[in-house]
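Using the sequences and the hints given, assemble the complete structure.
One line per chain: the protein sequences are A and B, in this order.
All letters in the first sequence, in the order written, are residues 1 to 496 by our numbering.
All letters in the second sequence, in the order written, are residues 1001 to 1151 by our numbering.
Since the hints were made in silico from the structure, they are not lab data.
Computed from a prediction, not measured in an experiment: that's the story for all the values here.
We put the CB at the ideal spot given by N, CA and C, even for glycine.
Treat the hints with care, since some could be wrong.
To be verified - Simulated restraints, written as ranges between beta carbons of each label pair:
| # | chain 1 | residue 1 | chain 2 | residue 2 | range |
| --- | --- | --- | --- | --- | --- |
| 1 | B | K1121 | A | G21 | 26 to 34 angstroms |
| 2 | B | S1112 | A | F13 | 48 to 56 angstroms |
| 3 | A | K288 | B | I1082 | 54 to 62 angstroms |
| 4 | B | A1138 | A | S137 | 45 to 53 angstroms |
| 5 | A | F126 | B | A1138 | 41 to 49 angstroms |
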Amino acid sequence: MDFIFYFGEVFTFTSMLLLIGGTIGGLIMGATPGLSPTMTVALLIPFTFNMTPVHGLILLGAAYTSTVAGGAVSAILLKIPGAPANIATTLDGNAMARKGEGAKALQLSFIASLIGGIFGVFLLIFLTPVLAKMANSFGYSHTFWLAIIGVTVIGSLEAGSVVKGLLSGCIGMWLATIGFDDIQGVKRFVFHPAIAGGVNIIPALIGLFAIPQVITMFAKGRFQNDVEQIQVKKHPIAKAFQEVFSRKRALIIGTSIGSLIGLIPGVGGQIAGLLAYDQAKKFSPEKKKFGTGHSEGVIAAESANNAMVGPSLVPLLTLSIPGSPTAAVLLGGLIIHGIFPGPTLFQQYPEVIWPFINSMLIGQILMCIFGIYIASLAARVAQVPQFIMAAIVLGLAAFGSFAVQQSMGDVYVMVVLGTMMYFLERFGFSAAPLVLGLILGPIAESNFVTGSLISTAQNGPFVYFFTGGLNILLVSIVILSVGFSIWSEINTKRQS
Amino acid sequence: MNIFQHKLSSGFVAGLAFIVCYISFTRQPSDAYLFPRVISVFFLTLSLWTFIKALLGLSKAGNGLTLNMFRNMLPGMLISSIYLFFAAKFLGFYTATAIAFFLLLTAYDPESYSSVNSWVKRIIITACFIAIMYTLFAKILVVYTPRGMFI
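Dropping the structure here:
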């Protein structure tokens, strides 16, 4: 119950200002198609440099929470999901809007997001210290395997093919080895002075997530995006609350599926939303209404994608393993403020981490309030032509990357990695495992090297890394996750 | 076209993996390259697997690029590259950003080039963007960007 003592820090003037700004900005960015939560958080990191760690994290947390929910606005009113997590919301949300129930659909989505989100953050509050205590007993080999799990799980699930996902992870891990070796101080793979100090995480994150979006917008050429926006008629909010609580089944299914999926590294909001929608449909007595503008579809999908936000931070804060690409970007935000997540995080930085988690709780409430009242404005912003968005994102990416170390080298790293990622993505590679490889690479390397040194004085590397209950369990998870993904890929190919 | 592109992309990754593997196993001190060696073995194996699949025409993940897409992105890529690699340093960050931003809007705005209103709109959007960026980065975040020839 430690978290209660740190609520005071959230209710200061600056914290509340950042929380409100992050929430409103996140809702608008989330509603804009093409600006994913991951990219929004990556672009926001440079703005946190001059802030205290608590304030920086509060801003990033608020943006993460609200971008996921904000994606529902364009999903409902424009039939364009703001983020992959909102795909399931378009199915019934847009149909409701077309029936003249746009305001009701928006209210349901934000109330469901609020309930799912709060449940998710409570899971984060109660599970994190327990897992952190367990993780205290981890040795070098276990931490090494955990880093490998982080890359392989997301690599197997995110990319177009398992091999290409794992290959993306390898590229990320290799990029992490560029620069000076930590133990001997040897320069490795330095092909250009811009990377003499290694590949800085922040410009790399900005490049990998923002530049492919910019090029995608360029690739569409000079086109008019004539999106039909549905007019929103007023709907009493009390009735929306009644409706959500009368659809308990959909709410429980969405919240529980979202929370469980959030805990599994790499699975993500898109799967949470779609799976919750599918299960809510299966268990509903009104199956036939799904897809025609049924409120249960919106409630299940939106409660699920926001319920996964909190739990996706559990492996990040306790084991340093991001549960999602956005969590990986948040890890970058923690690192630049000198905070390295791990089992001892809550003992070392309780004054930073608890206010951050508490702010996510308050952020959920603000997201619901502002979401309902500024949804129409957000939908109008979402209609800003893509070519203007591309130019804005490019400018922000350039300034943001430069601001990290006031170095043009970082701008070059950002643009080269981003352009390379765009072309690789066109051939089934994925940015998420590459980013995880880049972030978890140093953790894997330092634990691997230290473990190897210890093992030479004991029974050798094989015994050190492959024996013992926990090592066997972790290696099995790596093998099972890769094996399962290969099996499901083969199965899908056979079926198609 | 698509099969050729798959060969090209996987060939590029395999080439990169080969270079990483070669450097990892030939450079000294070997202790400093212990982890890169482990990674590069997996990197090379997986990239060769992908390359062979592409050579056999079995690589299907991803849609590749069409000529139309390439043609569309070319002006944007050229403007961005000149902006970030040359202009930002020599003209200064804000001047280069303003020019690049305006050129990008001009290149991709579907409105007719003969319309005076569209030119005015682009100038206003560019001015607003630069004003916001200047306030954010120069005044609030105190980031000293290169001033180039305008020092």
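Now the hints, each set against the structure:
For the pair K1121/B and G21/A, the beta carbons lie near 28 angstroms from each other, so the given range of 26 to 34 angstroms is met. Range check, S1112/B to F13/A: about 49 angstroms between beta-carbon atoms, so the 48 to 56 angstroms window is met. Between K288/A and I1082/B the beta carbon distance is about 57 angstroms. The supplied range of 54 to 62 angstroms therefore holds. One distance hint, 45 to 53 angstroms for the beta-carbon pair A1138/B and S137/A, holds here, with the actual separation near 50 angstroms.
With their beta carbons about 44 angstroms apart, F126/A and A1138/B fall inside the hinted range of 41 to 49 angstroms.
In terms of the numbered hints stated before, the structure departs from none.
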